[in-house]
Amino acid sequence: MHARIVRGAVRSAALATSVTGTLTWAPTATAQPTEPTPSASTAPPPETPASDAGSVAITKTDPAGDPLAGASFLLLDTAGQEVGRGKTDARGKLTFPDLAPGVYRLKETSSGSPLHDVVADQDVIVTPGATAHLTITDPFKAAQVVLKAKDDKTGKLLPGSTVNIGSGDKALLTLTTGPKGTVSGELPVSSRKTEFWVKQIKAPEGYDLYKPSKTFTAGPGAPVTVTVTNSKTATTPKPDPSGTSTDNPTATPSAPGGKPSEGGSGGSKPAPTGTSTPDADSSSVPAADPGDDMTPKVPAGSLAHTGAGATPWIVGSAGFLVAVGIGTVVATRRRTAAEPEHDDNSKTS
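Using the numbering used here, the first residue of the sequence shown is number 5, and each one after it goes up by one.
Among these hints, one or two may not hold up.
[Said to hold, decoys possible] Computed list of lysine-lysine pairs in DSS-like fashion (alpha-carbon distance at most 30 angstroms, straight line): (1) 218 - 197; (2) 197 - 174; (3) 111 - 152; (4) 218 - 152.
If you're looking for bench data, these hints aren't it; they were derived computationally from the structure.
Take these sequences, add in the hints, and give me the full structure.
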């Protein structure tokens, strides 16, 4: 039995030597088959080497340069898919690592502060093996300003008041009060307490311009009210259309004796009004002509006065004329009585 097995082995070895000339191992038919080699089409894609990845590093500050913690950011790829999100730490830092090269969209969803506002979205380019550093400054929230225009005497709210509000040498906001005398707007601030000035450039109708500049302070996101007062424009008298000034009354000439004449230029006296009692002799005294001498002129051959002062003279003259008339009558009668005797005597002789 053993001899048969040995002869078979020798025969196989001799056959292999005669074919190849070298001794090789030929697997028997009962050996396990090997696994087939996978094709290139089914092989998994090679992973991106770590040296090709990039990152984005963010530093968050406020306008004063102080770090802002708790600001939230979102990173999106070109398809709008989220690839990362996070918040800044106590130093205001945030990093998005292991990013494939390309363009990304960075969105700030919260500033993490009640005094600060968020910035607009921006694109970030990531290059292989490099870090894109970004310093982002959150602005302060705008102050809410309310402007009022008032009458300086009554406190009435006035429409149509236009003012400029600014800081330093720059005007930041222009406001005009509406029908209710008020207007509101947002005033940008650059610090926690910013000083502003307000100057009126157009006054309400019928009022003088408020020329001085007022100052006030405002903080981020805080409401503030600014009031401008105006005084009414002084009215000037309109000129008289006839060309005669109406500022000073026309002087009334005085009657003789220093008393002012109450009548017009024609010398007539107006009827008294109310319970006033006119002078006893004022009705007999004509008004003097302003251009004449204040002393009345008496024409030659006429009475000096026609009023109550001439009564005694008139009475005396009348008595004298009556006496003369009586004497004349008596003399005439005597002459008439004597004439017949004279004639008779003439005839007798």
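Consistency of the hints with the structure:
The suggested pairing of residue 218 with residue 197 holds, with an alpha-carbon distance near 17 angstroms, which does not exceed 30 angstroms. Under the criterion of a C-alpha separation no larger than 30 angstroms, the hint pairing residue 197 with residue 174 is consistent with the structure, at around 17 angstroms. In summary, the hint linking residue 111 to residue 152 is not supported, as the alpha carbons are separated by about 39 angstroms, beyond the 30 angstroms threshold. Taking the CA atoms of residue 218 and residue 152, the gap is near 13 angstroms; set against the 30 angstroms cutoff, the hint holds.
Consistency note: the structure conflicts with earlier hint 3 alone.
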